[in-house]
Amino acid sequence: MEFSKFLNPSFKLNIILIISFSISVNSFILFPNVNNAFYVLFHLTLIYLIFYHYHYYLYVVALIYGILFDILLLNNIGVHLITFLSLLILFIFLRKYLIRLSSYQIIFIYFITLTILLLIEQFLANLIHNYKFNMSAFLNFFLISLIIFIPTVFLFTKLDK
Amino acid sequence: MAPKFQIKVFQISSFIKNLTIISIVTLSFLLVFFSKSDLYLINGIKNISNSVIIPITKVISAPVNAFSNFVDEYKQFRSLKFENKILQEEIIRLKKWQTLAIQNSRENKVLKKLLNATDNNLTLIKTASLINRNDTIYSKLINLNAGYDDKIMKNMSAINERGLVGKVIDTTSNNSRVILLTDPNLSISVKSVSDGIFSLLTGHGDGKHLVSSFVKENKMPRLGDIVVTSGTAQIFPVDLLVGKVAKVEKNRFFVLPFVDFKNIDYLQIVTSK
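Keeping their order, the protein sequence lines are chains A and B. Position 129 of the first sequence, counting from 1, maps to 129 under the working numbering, and the rest follow consecutively. Position 104 of the second sequence, counting from 1, maps to 104 under the working numbering, and the rest follow consecutively.
No lab work stands behind these hints: they were computed from the structure. Errors might be hidden in some of the hints.
[As the list claims (entries may be wrong)] In silico contact screen, one side only, chain A against chain B (beta carbon under 7 Å); selected entries:
no., residue
1, 9
2, 71
3, 77
4, 133
[Unchecked claim] One-sided and incomplete, this derived list gives chain A residues near chain B with beta-carbon spacing under 8 Å:
no., residue
5, 22
6, 29
7, 30
8, 37
9, 72
10, 85
11, 123
12, 131
[To be verified] Taking lysine-lysine and the DSSO-like style, the derived pairs with C-alpha atoms no more than 27 Å apart in a straight line are:
no., chain 1, residue 1, chain 2, residue 2
13, B, 95, B, 85
14, A, 132, B, 85
15, A, 132, B, 216
Quick reminder that beta carbons are idealized off the backbone N, C-alpha and C, glycines included.
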């Protein structure tokens, strides 16, 4: 009984967050798209956590993952940290409007948020650290997002019962 | 008394929560601000992420890694018969070349003695093995298991038996990070062996080729020409093998590196003598 209480949806989503982070920062030569898919899954999970399981601890989560993603993928702190924290702050201001929306509208906004987040990350990497904007990589991310979005939402809703 | 107390507790906890959010946001901006300068804190964070987080992520991603290795081994097993045939043919060809190479080596030694020339211009700092790769859309980086305790410093060159692999961009006590030649954010000054045409190469978006970003006097090298480091920028030692000219266009040319970036196990960190 105690253990099942411990395994609440928020905890399960955090486990998915850890796994997707670990896989996305370790490159696999034969399957480069596995990294990209788990990178997108990480973003999907984080947005889902913010939208449906908002809690103050998510600021610490965003801080830690933001720093780690920045150091491991870019060797410079900034891009992911700014985007994750901005998403959290933006959510507080938009929460009262999001509550009024229907589930279909929320899902649409969920996908749009994901796409904008991935785009802003590339844009900030270019702006802050001079990394070249890679349009083909972004399109690859977009395609992966399109493929894994519906199954992921289905999985998350199942986890949330 | 009880409701008052409850309200007070709620106020304090909400105050603490708001304070935590403000301090996290402030801390983030400070980290972003100081990340460019080499502060002790930033290096500490990098050190922790390299020595603690990377091993943890490797353990978590071990099943995917095991599956990837299994597929790789299965592919290798399938092509074993065909590879064996090719290798047998290559052995015969190499034996002929070996005889010729021994003759040339003897001749070379004699000529070097005559010219009073030194053998090479490189100092080997450390041979290190690869820990993991961060081959992502942002950058093409690899982590090595040797750091400044092994006298590895920033901007040192990383090579393997095939040629130049990249440049050290960050070191911690036991780890160092190497940016690969294929990264679009790295530029190297090179020259063609036959014509001595100087140019700058950067990684192409495809992750396989290098593309010229500047060619001195707009003279294009010939197709198939070998490209080596020029040593003019004084970052890479001179005459390190880079690649072969694979495609020439009107204002730029493409180089296919000699190094197989998908199969890097060990690297030598070197510097100029």
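Hints, one by one, checked against the model:
Annotation: residue 9(A) was flagged as interfacial toward chain B, and the flag is violated, the nearest CB pair being 20 Å apart, outside 7 Å. Hint on residue 71(A) holds. Least Cβ distance to chain B is approximately 5 Å, under the 7 Å limit. For residue 77(A), the interface hint holds, the least distance from its beta-carbon to any beta-carbon of chain B being 4 Å, beneath 7 Å. Proximity of residue 133(A) to chain B is violated relative to the hint, the smallest CB-CB distance being about 10 Å (cut-off 7 Å).
The criterion of a C-beta within 8 Å of any C-beta in chain B is met by residue 22(A), whose closest approach is roughly 4 Å, and the hint holds. Here the hint on residue 29(A) is kept, as its CB sits about 5 Å from the closest CB of chain B, short of 8 Å. Contact between residue 30(A) and chain B, as hinted, is supported at the beta carbon level, the nearest pair being about 5 Å apart and thus within 8 Å. For residue 37(A), the suggested interface contact is broken, since its CB lies about 11 Å from the closest CB of chain B, more than 8 Å.
At its closest, the beta carbon of residue 72(A) sits 6 Å from a beta carbon of chain B; the interface hint therefore holds under the 8 Å criterion. Checking residue 85(A) against chain B by beta carbon gives a least distance of about 6 Å; that is within 8 Å, so the hint holds. The closest approach between the C-beta of residue 123(A) and any C-beta of chain B is roughly 12 Å, which is over the 8 Å cut-off, so the hint fails. Interface hint status for residue 131(A): upheld, as the beta-carbon distance to the closest one in chain B is roughly 5 Å, under 8 Å.
The hinted pair formed by residue 95(B) and residue 85(B) meets the criterion: a straight-line CA distance of about 16 Å does not exceed 27 Å. Between the alpha carbons of residue 132(A) and residue 85(B) the distance comes to roughly 44 Å, so the proposed pair goes past 27 Å and is violated. Annotation: proposed proximity of residue 132(A) to residue 216(B) holds, straight-line Cα distance about 23 Å (limit 27 Å).
Going down the numbered hints, you'll see the structure goes against 1, 4, 8, 11 and 14, while the others check out.
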